[in-house]
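Chemist: Chains Z and H, in that order, give the protein sequences. Position one of the first sequence corresponds to residue 1 (the working numbering), numbered consecutively onward. Position one of the second sequence corresponds to residue 593 (the working numbering), numbered consecutively onward.
Calculated from the structure, these hints are not laboratory results. The structure displayed is predicted, hence computed values, not measured ones. Positions of the beta carbon are idealized from the N, C-alpha and C atoms, including for glycine. Hints are supplied without guarantee of correctness; some may be wrong.
Here are a few chain Z residues that face chain H, going by a calculated C-beta distance under 7 Å [to be verified]:
#  : residue
1  : PRO3
2  : LEU10
3  : ALA16
4  : CYS19
5  : PHE23
6  : PRO26
7  : ASN230
8  : ILE231
9  : GLY282
10 : PRO308
11 : ASP311
12 : HIS314
Computed beta-carbon distance windows for the label pairs [to be verified]:
#  : chain 1 : residue 1 : chain 2 : residue 2 : range
13 : H       : LYS758    : Z       : ASN510    : 42 to 48 Å
14 : Z       : GLU305    : H       : GLU764    : 51 to 57 Å
15 : H       : ASN773    : Z       : LYS495    : 33 to 39 Å
16 : Z       : ILE87     : H       : ASN695    : 39 to 45 Å
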Amino acid sequence: MKPEIKDLLLRVDKPARYCGGEFNTPIIKENAAVKFLMCFPDVYEVAHSNLGIKILYFMLNRRADTSCESCYMPWIDMADALRERNISLFSQETQTPIGKFDAVGFSLQYEMSYTNVLAMLELGGIPIERKDRDESSPIVVAGGPCVINPMPLTDFIDVFSIGDGEEAINSLADVLAEKKRIGMSRAETLARISEIDGMYVPGISKGKVRRAVIDSLETAFFPTKVQIPNIEAVFQRAVLEIFRGCTRGCRFCQAGMIYRPVRERTPETLKKYAEELIDNNGFEEITLSSLSTCDYPCLRDLLKEIKPFCDSRHVNISLPSTRVDSFEVEFVASGRLSSMTFAPEAGTQRLRDVINKNVTQDDILNSCRYAFEKGYHAVKLYFMIGLPTETDEDLYGIADIVKKIKYCYKNHSMSRKPLSLGVSTSTFVPKPFTPFQWEAQISLEEIERKQNLLKGILRPLNVKYSYHDGKTSRIETTLARGDERMNAVIKNAYKSGCIFDSWTEFFDYNKWLSAFEQCGVNIEDYCGEQNIDKPLAWERIEAGISREFLLSERAKSRNGELTRDCRKGCNNCGINREYPSAFRKNCIGGEK
Amino acid sequence: MLICKYTRLGNAVFVPHLDMLRAVTMGIRRIGVKADYSEGFNPHMKIFFGQPLPIGVESECEYFCVYAHEDAAVFSEKLNRSLPDGVRITASAIADKDPNVANLMYCADYSVTMRDKVGILKSIESFCAGEHCVIEFTAKGEIKQKDVKPLILSAVVADDKTVKLKLRCGNENLRADRLMNFVCAKYGIDCGYDIRKTDMYDAKGNNLDKILFGSDL
Numbered sequence: 001m002k003p004e005i006k007d008l009l010l011r012v013d014k015p016a017r018y019c020g021g022e023f024n025t026p027i028i029k030e031n032a033a034v035k036f037l038m039c040f041p042d043v044y045e046v047a048h049s050n051l052g053i054k055i056l057y058f059m060l061n062r063r064a065d066t067s068c069e070s071c072y073m074p075w076i077d078m079a080d081a082l083r084e085r086n087i088s089l090f091s092q093e094t095q096t097p098i099g100k101f102d103a104v105g106f107s108l109q110y111e112m113s114y115t116n117v118l119a120m121l122e123l124g125g126i127p128i129e130r131k132d133r134d135e136s137s138p139i140v141v142a143g144g145p146c147v148i149n150p151m152p153l154t155d156f157i158d159v160f161s162i163g164d165g166e167e168a169i170n171s172l173a174d175v176l177a178e179k180k181r182i183g184m185s186r187a188e189t190l191a192r193i194s195e196i197d198g199m200y201v202p203g204i205s206k207g208k209v210r211r212a213v214i215d216s217l218e219t220a221f222f223p224t225k226v227q228i229p230n231i232e233a234v235f236q237r238a239v240l241e242i243f244r245g246c247t248r249g250c251r252f253c254q255a256g257m258i259y260r261p262v263r264e265r266t267p268e269t270l271k272k273y274a275e276e277l278i279d280n281n282g283f284e285e286i287t288l289s290s291l292s293t294c295d296y297p298c299l300r301d302l303l304k305e306i307k308p309f310c311d312s313r314h315v316n317i318s319l320p321s322t323r324v325d326s327f328e329v330e331f332v333a334s335g336r337l338s339s340m341t342f343a344p345e346a347g348t349q350r351l352r353d354v355i356n357k358n359v360t361q362d363d364i365l366n367s368c369r370y371a372f373e374k375g376y377h378a379v380k381l382y383f384m385i386g387l388p389t390e391t392d393e394d395l396y397g398i399a400d401i402v403k404k405i406k407y408c409y410k411n412h413s414m415s416r417k418p419l420s421l422g423v424s425t426s427t428f429v430p431k432p433f434t435p436f437q438w439e440a441q442i443s444l445e446e447i448e449r450k451q452n453l454l455k456g457i458l459r460p461l462n463v464k465y466s467y468h469d470g471k472t473s474r475i476e477t478t479l480a481r482g483d484e485r486m487n488a489v490i491k492n493a494y495k496s497g498c499i500f501d502s503w504t505e506f507f508d509y510n511k512w513l514s515a516f517e518q519c520g521v522n523i524e525d526y527c528g529e530q531n532i533d534k535p536l537a538w539e540r541i542e543a544g545i546s547r548e549f550l551l552s553e554r555a556k557s558r559n560g561e562l563t564r565d566c567r568k569g570c571n572n573c574g575i576n577r578e579y580p581s582a583f584r585k586n587c588i589g590g591e592k
Numbered sequence: 593m594l595i596c597k598y599t600r601l602g603n604a605v606f607v608p609h610l611d612m613l614r615a616v617t618m619g620i621r622r623i624g625v626k627a628d629y630s631e632g633f634n635p636h637m638k639i640f641f642g643q644p645l646p647i648g649v650e651s652e653c654e655y656f657c658v659y660a661h662e663d664a665a666v667f668s669e670k671l672n673r674s675l676p677d678g679v680r681i682t683a684s685a686i687a688d689k690d691p692n693v694a695n696l697m698y699c700a701d702y703s704v705t706m707r708d709k710v711g712i713l714k715s716i717e718s719f720c721a722g723e724h725c726v727i728e729f730t731a732k733g734e735i736k737q738k739d740v741k742p743l744i745l746s747a748v749v750a751d752d753k754t755v756k757l758k759l760r761c762g763n764e765n766l767r768a769d770r771l772m773n774f775v776c777a778k779y780g781i782d783c784g785y786d787i788r789k790t791d792m793y794d795a796k797g798n799n800l801d802k803i804l805f806g807s808d809l
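Isolated chain H, as found in the complex (with noise of 0.2 Å):
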């Protein structure tokens, strides 16, 4: 089994989950990688991809894990040559077993960069530092409030355009754009903003690169 940490940037952030997996899906059929597929009357290829990402959010660390019949690093430059724009292998490794991608993620960073400089961009760091941070999001139509505080590990502006987040992934989840959107509501930063998700970490602050590839990259 190969594991392989890729992006999803530009283009591919309109994408949704399932579309992304069959982009990557139809990539390995073009190259031509001998690939398993499972059993029964309409087969499918053998291939695991991590938590979906949020539409309309870059990201620099996915995973996804296939049965291919190939070399790691030969399975990744064909592969290169045959994804839509935005999406990149970044770095492969056999693995004897599915690392549970999924399973395994505890925490991400975020880097969030403003469309133009805001004054008051620290408000955001201190409202992440309140005892308690409501936010209220729409999610299928409805109105929610959450206190999300014990989901934020930590949100420090580093410069006028830019506000780095570390926030709970995985089962208990806060979703960057749905934090970033209530809070520039909130303070009324109309300028609008970019997300990209920059790394994971498991329960115990490892980087999943160290995990899967034994490296920081």
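Isolated chain Z, as found in the complex (with noise of 0.2 Å):
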């Protein structure tokens, strides 16, 4: 390491979070021909509990002709003694400017993060607009959940990786690798990355771009040795992905849309899997990891499968999104945690009918009895405000299903402790691809005064509640829904110091809404309701999921009506016809 950038990691807080050196790290190939940087656009902590890059990290850095290095959004300090010395911001591996690579990537997970996008581009040099960019210039790539609608970010990023990525990846460096070889110019490798499955190239691609899907993940690449961060990860753990998908159909969630259809690893391929990731990566606690882990059928098999090797090596197990309704009772008896999460989401059974949530109050305290008789004192409820169709009714459904918890604790306790009970909620945020795509989010005078609503009825019960700020969830809409007139309030926002929007210290509304006020744009927009008869700016990228069915799961939604779940027979949702070879491969009717 250079003694410059020693003494300025001296003076900076958390300094190990920028020299690298972490175990496992790979070899970084000196000579390779193609060099990839992979950004996450929040701090190290945050960053290194993401699957996604560290599975594109490793992939790119397996293959002979590429290195891949890795880059985070350096904090405050650390970002203003860059300035202040004119130090590029480097990568991690090797200290290397992040200008001097041929691809830059961003795995994009909460649109909160989209101006730190901006700040680390501006940090290393490279111009924040494409259209600023030269030959010299790398290759500005995003992925990740959010680039499903990249309207909103058209200006700053050459190439979007809508999709799986383990696939487009490996096509992607191939070009980079060609380009160098061959010396392409930027325009002609960027129209052969634009040709590329899931590869969308503002400016270049013409028509509509099909999200990127791969047929198995059985046969896909699983990073089983990890970096392990200097640092403890805000979550340290190994993580083992055990499908991607989700079966349920919950009308408000994108994840259960975008990531269809459900592709499961088999239970031998996972026991493997765990038993390398423990013994190469040392974490006290694996991860069983997917949008509704409770839901792989297999699940009790691998539980038992896997639970005496974690029991001789001491490493716990955790199930991470337990449904209420397929809390896994033996798994609570051996498990050492004292606290459990559910996911109403809404107060009153209608409203869950509304959205597709098929639990009942019954599963709730059905689960919550098991877990009080086997010694569990803690419940955290997750709910969601300003559904589509919620009345004050659903919310003091909510301070219901509290007091039946309470009474049920009382019955059923093993433990001495009192109860301890969280209700957090979150404001409904319209995404695009799901059924609620059209709907209009709540004003913000709405958000607090039902924030309001439910303080003054839960305090009595002695409940702690918690909610998140509904200035955030307004913005995070128009970037969510946002078109390409977005682009220029996400830079004026930038320029006027937004940064670190998902930190609440960090959140600045007032800049946001004159950022909007200044290029003319209004946030209703975004955050009213969507007119049915036009297309939307996202519908730009084809999903795979058909417009007749989000409609018709909207009309359901409506009357209450409920659409099974796609284990149970498939709904027709468009994969089938999109994506045949991985609905055979699968789904339900298809061969396996």
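Assembling the complex is the task here: the two chains are given apart, and the hints tell you how they should meet.
Modeler: Encoded structure:
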């Protein structure tokens, strides 16, 4: 490490975020033809909790002709220090300025990280707008769930990699290698990239760009050796992705739509990966990750298979996003956690039917009862406010569930501790490619009124109530459903100082409002109800879910009509027609 | 119980104490050596570290103890293949009980390497030889002054790039980086330097290696 970088690091908070040298870092090939940089527009501890960038990072480094390094959003003090000393933002592994890479890829996991992308480009001396880049500039790529609507970022990103990255990243590296070999121009290179499945190249791609989908997860690469962060990550644990996609079809949920079809790994493969993860990484905890882990048909067998090995190595197993209707009773008995989390999302059965959350109050209470009998004494409940058709009655329903859980604890508790009950609400944000993509978001006044109402009715129940800031949710909607006019708004907001928008201490609503005003863009265009008869900005992308399916789901929601789980039979969402081979391999009705 | 001496060099100087502890624990879990865990709801590996080393200071003489069921030499050989860059076990031995390094240590040797030749390096020596050595430093956002004379056991300029310091450590502690920061600012030495802790001693002047491993290594 150069002395000036060492001295710089010794002046900032948590220098281990920037020094590199993580255990399990692959050898970075100095003479690789293609030099790729994987960026995450949030701090180190958040980035190291993300599985997607690990998959792509290790895939690229496995190629003989490619090296991949990483870079994360520096904290404010480091960003200031870099600017002050005129040092470019650099890669973790070799401290190479980020502008020196052939391609720089960003993982966009949440909309509120967009301004950080601009900040990282600028800190690296890369022109933030693609029109200003030249032959010497890296090609700026973006992937992750947010790019399912790439339109708000078309001024800044050269290439959007939409959908699964496993095959796309290799094809991209192939083109970049060829560019180096035969000396293709930037324009030629971008044109070649636009031919790759799932790649949307603004200004070049014609017609609809279809989301890339890999047919099978079983044969896809999975990193069982990952970089161990120098300081503790937000989620410091081994991640085993047991399947991708979700069969539930909750009508507000974007992930449940845009990762279709469900693709599972076999228990045999997962057992092997689990053992490798434990051997290679040394984490204290392994999480069986997916959008709805308890829906994995072989979950019991898998747990039984991996538990002895985990126990012998003192590794805890955790299940994320436990759904109330499939809480693993046996697992409760053997787990070491004291708290469990349920997401009923809505307070009444009527509203849960509207959103197709196939969970009843009895499901919740049964799960709680089992857990309490096993000694659990803490419950966290997640709800959404502002869902379509919601009334105050639905909010009172939340208090009703809370009361029943308290009563259940009184009757079934095995713990001497008092029940710790937390309720958390977020505000519904209508997302592209969901049945609710046309819905209005409730106004800021209405958000705050509902939050205050809940505060009032939950206070006497002795419940910890927390809620997401409504202003953030408003801006999130504009970014999620944004069209190309949002490019100017994002740039303006960034230039006026917006950064780390997902951090409450930095989010500045007024700066965003004035950015909208200065750009002559109306927030209501995005937060208000969208016209069903007009094409939507993101329909430039083909996600594989048909408009007819989304419209019929929307109509059913108004009548409280349920749609069955895809595992129980095909609902004809469009995947069957758009991705026939993935459908045949993974879905009911297709051959396994 | 095993007692191990380890280095913290290069990149590892940026890693805070608790994360260093975690890195070693993860290394032990990776190599699959059986270790004892605490009882209770949330069991932890029984492993004990010495005093934290300030961020930015290298060391050749850090110590930890762990209840691991493995031959000392085999343990360090295995673990050395599973530790981050700059962290390396350099000695290991079986001990009957925790020797409580934090309690034993009294003073430490530091070698300070200037990044460039410094003509006025001797001024550091004369500062430390004064009757009082009042230094100024920032701690928890506050500027503080302290006479550290009693904590400086010796300060010798070895050549025009090297200063050898012997400073108190443990309960009465003087951070080498604090002393160097202050004197360099005072005498306008701005080429930068690297600090490495090389040896630790008990109150009687015995090298800890001799106490813990029965030799000077």
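Chemist: Quick check on the hint: Z:GLY282 CB to chain H CB, less than 7 Å?
Modeler: holds, 3 Å
Chemist: Can Z:ILE231 be said to touch chain H, with a Cβ gap under 7 Å?
Modeler: holds, 5 Å
Chemist: Closer than 7 Å between Cβ atoms is the bar; does Z:ALA16 clear it against chain H? Give me holds or violated.
Modeler: At 4 Å from the nearest chain H Cβ, Z:ALA16 passes the 7 Å test, so the hint holds.
Chemist: For the hint 39 to 45 Å, verify it against the beta carbon of Z:ILE87 and that of H:ASN695.
Modeler: holds, 43 Å
Chemist: Hint Z:LEU10 vs chain H: min CB-CB distance below 7 Å?
Modeler: holds, 5 Å
Chemist: When the nearest CB of chain H is found for Z:ASN230, is that gap smaller than 7 Å?
Modeler: At 5 Å from the nearest chain H Cβ, Z:ASN230 passes the 7 Å test, so the hint holds.
Chemist: Does the hinted range 51 to 57 Å hold for Z:GLU305 and H:GLU764 at CB?
Modeler: holds, 55 Å
Chemist: Does the interface hint hold: is Z:PRO26 within less than 7 Å of chain H, judged Cβ to Cβ?
Modeler: violated, 13 Å
Chemist: Identify whether the interface hint at Z:CYS19 stands, where standing means a beta carbon of chain H within less than 7 Å of its own.
Modeler: With a minimum Cβ separation of about 4 Å from chain H (threshold 7 Å), the hint on Z:CYS19 holds.
Chemist: Can you tell me whether the CB distance of H:LYS758 to Z:ASN510 sits inside 42 to 48 Å?
Modeler: 57 Å Cβ-Cβ, so the 42 to 48 Å window is violated.
Chemist: Would the hint on Z:HIS314 stand, with a C-beta cut-off of 7 Å toward chain H?
Modeler: At about 6 Å, which falls below the 7 Å cut-off, the nearest Cβ of chain H leaves the hint on Z:HIS314 intact, so it holds.
Chemist: Do the numbers back the hint for Z:ASP311, that is, is its least Cβ distance to chain H under 7 Å?
Modeler: Result: violated, 11 Å to nearest chain H Cβ.
In summary, the numbered hints that this structure violates are 6, 10, 11 and 13.
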